[in-house]
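Undergrad: Since the structure of chain A is already known, use the hints to place chain B on it.
Line order of the protein sequences matches chains A and B.
With the UniProt record's numbering as the guide, the letters of the first sequence map in order to residues 1 to 71.
With the UniProt record's numbering as the guide, the letters of the second sequence map in order to residues 1 to 531.
Hints in this document: simulated from the structure, not taken from any laboratory.
Everything hinted at is true.
To give an idea of the chain B side of the interface with chain A (calculated C-beta under 7 Å), a few residues:
| hint | residue |
| --- | --- |
| 1 | 44 |
| 2 | 48 |
| 3 | 51 |
| 4 | 52 |
| 5 | 55 |
| 6 | 100 |
| 7 | 101 |
| 8 | 127 |
| 9 | 447 |
| 10 | 448 |
| 11 | 449 |
| 12 | 451 |
| 13 | 452 |
| 14 | 504 |
This one's a predicted model, so the numbers in the text were calculated from it and none came from an experiment.
Beta carbons: idealized from backbone N, C-alpha and C, even for Gly.
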Amino acid sequence: MNFKNFTEYLAWLYYQYLLITGIYVLEPWEKSIFNSILFSAIAMVIYTSYVFVPIHLCLTLQLSVMMQNYL
Amino acid sequence: SLLNSIGDVCNFVCKLHNFNRTGVASRQHRHESFEQAPIYVAVMTYLGFGIVTLFGYFRDFLRAVGLEKCHLARERDEQKDFVPLYQDFENFYTRNLYMRVRDNWNRPICSLPGPVFDLMERVSDDYNWTFRLTGRTLHNVINVGSYNYLGFAENNADFLKTVADKTRQYGVGVCSTRQEIGNLGIHEELEQLVAKFLGVESSMTFGMGFATNSMNIPAIVGKGCLILSDELNHTSLILGARLSGATIRVFKHNNMHSLEKMLSEAVCSGQPRTHRPWKKILIMVEGIYSMEGSVVRLPEIIALKKKYKAYLYLDEAHSIGAVGASGRGVTELFDVNPADVDVMMGTFTKSFGAAGGYIAGKKKLVDYLRSHSHSAVYASAMSPPVTEQIIRAMKCIMGKDGSTEGIRRVRQLAENTRYFRARLKEMGFIIYGNDDSPVVPILLYMPGKVVAFAREMLERRIGVVVVGFPATPITEARARFCLSAAHTRAMLDQVLHHLNEVGDALCLKFSRKKYSSWSDLSDETDFELGS
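The shape of chain A in the complex, shown without the other chains:
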């Protein structure tokens, strides 16, 4: 398939997402509800990982160093 520009490729990816999740058959307002729920869920996941993952990694490293010293 030839895509004239990047926008067309993104439109095709969005179309695939609609087909795979089955949203394609729903009415537009239902599509918006589902997209907003999914988008907010993904946004929350990204925010939580941004805030907590570095701290978790640091603590894990400290714990493993302590275990080394103990042994």
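TA: Only chain B this time, still in chain A's reference frame:
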């Protein structure tokens, strides 16, 4: 270098496989494949259905609360406390899934269903609850959904001359049943012709194909008999079996081990509680299964039937006229004596361009059915123009009208079938069924893709039939192509070209096997045609 050698080995194995498939095995190379899609496809199908079902519950809630108008039937307010009428899954499915996408079915056609046809354009303003016709006609849409296997759905005045004459002679309505005063001379002529066509002693015809099965099986079997029916049998066979009152056991589709186990267990143990021997054991199979495209294993079933002394009921609705070197059906395809099949049933709807069905076999059986079948005694007889259409189509196939048109059509259908199937496999679609069957199901799996496929193909002026959940298992939605002898190579190429594009745009090419290209296959000697 290691990769190169692995590649060489793979090429060699592919060539060997190819050679065995087409060279050595000769007539027994029938290859049936039911490839499984990768596991992520099943996951995504369930995901799609799950999300749409959740939205279905949400919309039902809105309708119950009153925020949304309900377009379908519901109970009156006084009946709200009674047993609910519309709560079962079938009604839920119709309201919330089928209604959203039903513009892909029941499309109005305004020409004859030949290789190309005209559709009336139909739009909906309220998401498929109501439709309105715009008045425009879509001309010359390629028809790959009609059961027009030999192309007899035509309106050529020369071919239909005898039909017009008989209509003038007999009129259109018969106004009686066969038993009373509706037995016309033309019906007797048709029955003799059908018997000669199939190579059996005698036959009887009925006005409706579905009624042939559902009304005649109760006349042949009753309580105290056993019916062994294939998993994927048509509704008419299942209805006839249930109406008869016999015990029904289902064996796995085309699986001879399952059938043999059931037969031996039935012969050894007899009826459930009393252990008396069964009065009759009837094996019900179809020639070609229309949803899968698979062909019955006739020689093995006949061997089993002779060993266990059972009877065989063969429903050749889709295979009569469409398979076999001269269009005689699966008995010719497998080179089996027609007298070995006890009850041969078929319909005239598919390959003959008419309507109705027949039952053929020994003269004693058919004479018994003439007086004991519900369809013969109570149903109106077949209409004369329809009867004449079947007679002229059958004479054409047999070559009795003095031309080679019939045999040319049978060969053209076989050629179209092989070409279409080989090209589809080469493109990478998952196809079910036997290489010889003109029914080609392409698996689409996901509900969103099924709908998008039908709409895209209509945009490109190709009319396809897509089938979804109640008729097929929930994870195996498909598009079913019925090839015709009237399709030219150019039409098939156009369909294949558009299928290729739509397959890429919708990501439908799930097959993981490698097939050699069509040009390689056609270099092998054509031992089937003309031999």
